[in-house]
Amino acid sequence: MVRELVVIGYGMVGHHLVSTLRARDDGDTWRVTVLGEEPCHAYDRVGLSEYLRGRDASRLALGDGFVTDPMVRTRTGTAAVAVDRSARTVTTASGETLGYDALVLATGSRPVVPPVEGMDLPGCFTYRTIEDLERIHAAARAGARSGVVVGGGLLGLEAANALRVLGMRTHVVEVAEHLMPVQVDSGGGGLLNRLVGELGVRVHCGDAVRTVDGHERVSAVSLRDGTVVGTDMVVLAAGIRPRGELATAAGLEVDDGGGVLVDDHCRTGDRRVWAVGECASVEGRRYGLLAPGRAMAELVVDQLLRRPFVAFTGADTATKLKLLGVDVASFGDSHAESDGAVELARDTGDTYAKLVLDSEAERVLGGVFVGDTAPYGRLRALLGRELPSSPEHLLR
Amino acid sequence: MRVLVVGNGPVAHRFVGALSARGHTDITVLGSSRGRNRALVPEVLAGKLSWSDTVLPPWPEGVRVRAGVSVVEVDRRRRLVRTDCGRVHRYDVLVLATGMRHDLTTVGGGVPSALLAGFAGGQRERSVPAVVLGGGVDGVRAAVALCSSGRRVNLVYRQHLPMAGRIGDGGGRHLESVLRERGVELWPHREAVGGDGRTVVLDDGERIDGVGLSCAPPVPNTALARAAGLRVGTGVVVDDRLRTSDPCVYAIGGCAEHVGCAVGDPVAGRRQAATLAAWLSGSERSYRGTPRVSRISTGGVDLTVLGPDAEGVSGEVETVFYRDAARGRYAELVLRDERLVRATMLGLPRGSAAVTQLFDGDRPVPRERLALLLGVPARGDGAVDAHGDNVVCDCNGVTEGQLELAWLEGARDVTALASRTRAGTGCGGCADEVRRLCALFTAPEESVWSVNSS
Numbered sequence: 001m002v003r004e005l006v007v008i009g010y011g012m013v014g015h016h017l018v019s020t021l022r023a024r025d026d027g028d029t030w031r032v033t034v035l036g037e038e039p040c041h042a043y044d045r046v047g048l049s050e051y052l053r054g055r056d057a058s059r060l061a062l063g064d065g066f067v068t069d070p071m072v073r074t075r076t077g078t079a080a081v082a083v084d085r086s087a088r089t090v091t092t093a094s095g096e097t098l099g100y101d102a103l104v105l106a107t108g109s110r111p112v113v114p115p116v117e118g119m120d121l122p123g124c125f126t127y128r129t130i131e132d133l134e135r136i137h138a139a140a141r142a143g144a145r146s147g148v149v150v151g152g153g154l155l156g157l158e159a160a161n162a163l164r165v166l167g168m169r170t171h172v173v174e175v176a177e178h179l180m181p182v183q184v185d186s187g188g189g190g191l192l193n194r195l196v197g198e199l200g201v202r203v204h205c206g207d208a209v210r211t212v213d214g215h216e217r218v219s220a221v222s223l224r225d226g227t228v229v230g231t232d233m234v235v236l237a238a239g240i241r242p243r244g245e246l247a248t249a250a251g252l253e254v255d256d257g258g259g260v261l262v263d264d265h266c267r268t269g270d271r272r273v274w275a276v277g278e279c280a281s282v283e284g285r286r287y288g289l290l291a292p293g294r295a296m297a298e299l300v301v302d303q304l305l306r307r308p309f310v311a312f313t314g315a316d317t318a319t320k321l322k323l324l325g326v327d328v329a330s331f332g333d334s335h336a337e338s339d340g341a342v343e344l345a346r347d348t349g350d351t352y353a354k355l356v357l358d359s360e361a362e363r364v365l366g367g368v369f370v371g372d373t374a375p376y377g378r379l380r381a382l383l384g385r386e387l388p389s390s391p392e393h394l395l396r
Numbered sequence: 397m398r399v400l401v402v403g404n405g406p407v408a409h410r411f412v413g414a415l416s417a418r419g420h421t422d423i424t425v426l427g428s429s430r431g432r433n434r435a436l437v438p439e440v441l442a443g444k445l446s447w448s449d450t451v452l453p454p455w456p457e458g459v460r461v462r463a464g465v466s467v468v469e470v471d472r473r474r475r476l477v478r479t480d481c482g483r484v485h486r487y488d489v490l491v492l493a494t495g496m497r498h499d500l501t502t503v504g505g506g507v508p509s510a511l512l513a514g515f516a517g518g519q520r521e522r523s524v525p526a527v528v529l530g531g532g533v534d535g536v537r538a539a540v541a542l543c544s545s546g547r548r549v550n551l552v553y554r555q556h557l558p559m560a561g562r563i564g565d566g567g568g569r570h571l572e573s574v575l576r577e578r579g580v581e582l583w584p585h586r587e588a589v590g591g592d593g594r595t596v597v598l599d600d601g602e603r604i605d606g607v608g609l610s611c612a613p614p615v616p617n618t619a620l621a622r623a624a625g626l627r628v629g630t631g632v633v634v635d636d637r638l639r640t641s642d643p644c645v646y647a648i649g650g651c652a653e654h655v656g657c658a659v660g661d662p663v664a665g666r667r668q669a670a671t672l673a674a675w676l677s678g679s680e681r682s683y684r685g686t687p688r689v690s691r692i693s694t695g696g697v698d699l700t701v702l703g704p705d706a707e708g709v710s711g712e713v714e715t716v717f718y719r720d721a722a723r724g725r726y727a728e729l730v731l732r733d734e735r736l737v738r739a740t741m742l743g744l745p746r747g748s749a750a751v752t753q754l755f756d757g758d759r760p761v762p763r764e765r766l767a768l769l770l771g772v773p774a775r776g777d778g779a780v781d782a783h784g785d786n787v788v789c790d791c792n793g794v795t796e797g798q799l800e801l802a803w804l805e806g807a808r809d810v811t812a813l814a815s816r817t818r819a820g821t822g823c824g825g826c827a828d829e830v831r832r833l834c835a836l837f838t839a840p841e842e843s844v845w846s847v848n849s850s
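So the sequence lines, in the order shown, correspond to chains A and B. Going by the numbering used here, the final residue of the first sequence carries number 396, and the count climbs one at a time with no gaps. Going by the numbering used here, the final residue of the second sequence carries number 850, and the count climbs one at a time with no gaps.
Because the hints were derived from the structure by calculation, they are not lab data. You may find that some hints are simply not true.
[To be verified] Pair ranges (Cβ atoms, derived): (1) A417/B with P388/A: 52 to 62 Å; (2) P388/A with V713/B: 25 to 35 Å; (3) T838/B with E386/A: 32 to 42 Å; (4) D733/B with V228/A: 44 to 54 Å; (5) G797/B with D316/A: 20 to 30 Å; (6) A435/B with G200/A: 52 to 62 Å; (7) G200/A with E712/B: 22 to 32 Å; (8) K320/A with G797/B: 43 to 53 Å; (9) G284/A with E587/B: 25 to 35 Å; (10) S58/A with R808/B: 32 to 42 Å.
Quantities reported herein were computed from a predicted structural model and do not represent experimental measurements. Glycine included, each C-beta is placed from N, C-alpha and C at the ideal position.
For reference, chain A alone in the conformation it holds in the complex (with noise of 0.2 Å):
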């Protein structure tokens, strides 16, 4: 007997999860409508900044949105409004109705805004949808010729790369003393913020916004420190916030931020329902990383198929990247916030490389590194293992 899955949102997650369920499950059980609040079949969003290049949505786009799988029915463009438990039923925007045996709530994360004066002027733009790109690339092509990104980590570097593609001079707002804060511990933080510098973005790092400043539309930025940057745009990359309101209208618990409380099985309070990726609060810790969310929906998938799963343990937060020409990657714990754990560090001026070890100095705990990402691989293997030859003969 076919039973039905609802999904809620059609992002990456929930694209991953809708894939991996049909490649798994070899007796068709399930069939699968997933809705999207998007026009668009789900697409890469961590490869948004390059949809400038060529905009072509089809390079984007995730697999051939299961247009010959006649188990799974996609509906773009349409939004859920409402879910009810009891009757076990999800209701859209239009007013239809649809029953579910299991529904899995992948509804992601909305940009933060600042309570800033002036973030509402037109000029200002969030940096997460290819709706969001169209609007900056059309300023751009009217006329805008510097912008301002607010944030300074993974989102706001894509976004600070976004605007150098379009040509304009770009400037980085970031609150922490070094851009990616995050990731980046600020041995590398302050060889990162010079690396950046010298491609060309202004980075004022340690500061925030005060003011958007405009008549009718964006024309400055007033900084904390009283720095005033002229500027046709605004771009918001400061943080997300997960998309929990479905969950709460519906009863079910969410976190402080409005992330939907799950367990390690990534199961809410009622038994049919999960959450998935940036939505989703696992024992309360939120991730926004793309990794920790694939391995969310895996999980899930497991669980219908009544196949073995192994249950969340908290993220690989692994990231290796080259942000505006500039390699940086980072593993495990990073900022050496284990108990008791050493760091051992070597700057060569030009890069910068430091690893995290346990208090016996013998088992990998973390790395970061910047401007030299070769060591990455291999010590991204020994996480959590002990170190088999000297860290300088792997540091390399």
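Chain A is already provided as a structure; the job is to place chain B on it using the hints.
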């Protein structure tokens, strides 16, 4: 040769001892103070030694020593000096070892020696808190020493972190938490403006209960040299022979200024004393300067700083950091071409000793820096990494990297390596190379420990 020494501190004592040992018989020492070893003051502050224990050991037999005598004038033309009691002493060679002005003074009056006697006093005196003024190495050392004697200690300094100029922010932050953990109360961004022996008043109006102890950097005593017309900068300027601008007058220790070392470095003073004694005895040995070393080794705090200040380094360098916050350990090694330019080490006594030897001898630092700092044997993966892909055994296609891996996994001689990797089991032509590599893989474990020659 009549040798006349002005000053009777530890550097003068070392010099006279070395000179006398080389057979000189006509030596006169004129010193204004009692003759104490100031380097022992931290032990007095820590309550481990009494003030009388700091008096220098006896002078060699046959040396004429006059303590409590001040030299008031040097007449270089006639080659004589005049003392405050009117006596005249002639010389062939004059050695100035007048040292530095008191680096410990109280705020609000009090003679230093009486103060120090008070500081080293019994339980009642120890209940009086100390307020140490100055965040350089002398202030930090005094604070740590006083703290270890059970006294309540405050440390007041102008910068944002203790010893910030010498060891930078990274080292300064670690030192700050080590001091806090020892119970030293820290007052950054402040200086003292007054005091009365029971309270110290700071520039922001704050008042701290306790006796103030000023540890500003000491100043060389150069008045005599200046009055005699010798060249004086911060200290009495000397060349590689430790000669002043007058070929018959030399200067050593805290009062001397040589281009190769920081003024007042106690380690330098002792080296200079030994070098001059040798030179005056006909040796060709010249003084090339002593790389700067700052040490605190008291009250459970072990800090070694080698080389110039943190800001004094420029150019292409490689910096290695080690941090173990839980154990209060920190190290920063700045290297150029594998050699130390400067180093800061906190809480790593074994590593500090090994690194200091490498620094003194200007020797290259082994690749296993972590092992060096922790004072443990290296893991033995040697310097062959760059050649990891070199094929050693063509017959079996065995690379250096594979041999190294086999060695790490326990194949410790040529036979074991051959059995593990098949290297050398073809034509046998690589046998010598395998043997050489095997020795090389083994050697690093010894090299870390064979640095004790000096």
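Tested hints:
1. In this structure the hint that A417/B and P388/A lie 52 to 62 Å apart at CB holds, the actual value being about 54 Å.
2. Checked against the hint of 25 to 35 Å, the pair P388/A and V713/B passes, with Cβ atoms roughly 29 Å apart.
3. Between T838/B and E386/A the beta carbon distance is about 21 Å. The supplied range of 32 to 42 Å is therefore violated.
4. Distance hint check: the CB atoms of D733/B and V228/A are about 47 Å apart, consistent with the given range 44 to 54 Å.
5. Roughly 28 Å separates the CB atoms of G797/B and D316/A, a value that falls within the hinted 20 to 30 Å.
6. A C-beta distance of roughly 55 Å is found between A435/B and G200/A, which places it inside the suggested range of 52 to 62 Å.
7. Taken as a hint, the range 22 to 32 Å holds for the pair G200/A and E712/B, whose Cβ atoms sit roughly 24 Å apart.
8. For the pair K320/A and G797/B, the supplied restraint of 43 to 53 Å is violated, since their beta-carbon distance comes to about 24 Å.
9. Checked against the hint of 25 to 35 Å, the C-beta distance between G284/A and E587/B comes to roughly 48 Å, which is inconsistent with it.
10. A hinted range of 32 to 42 Å is violated for the C-beta pair S58/A and R808/B, which are about 60 Å apart.
Hints 3, 8, 9, 10 from the earlier list are contradicted by this structure; the remaining hints agree with it.
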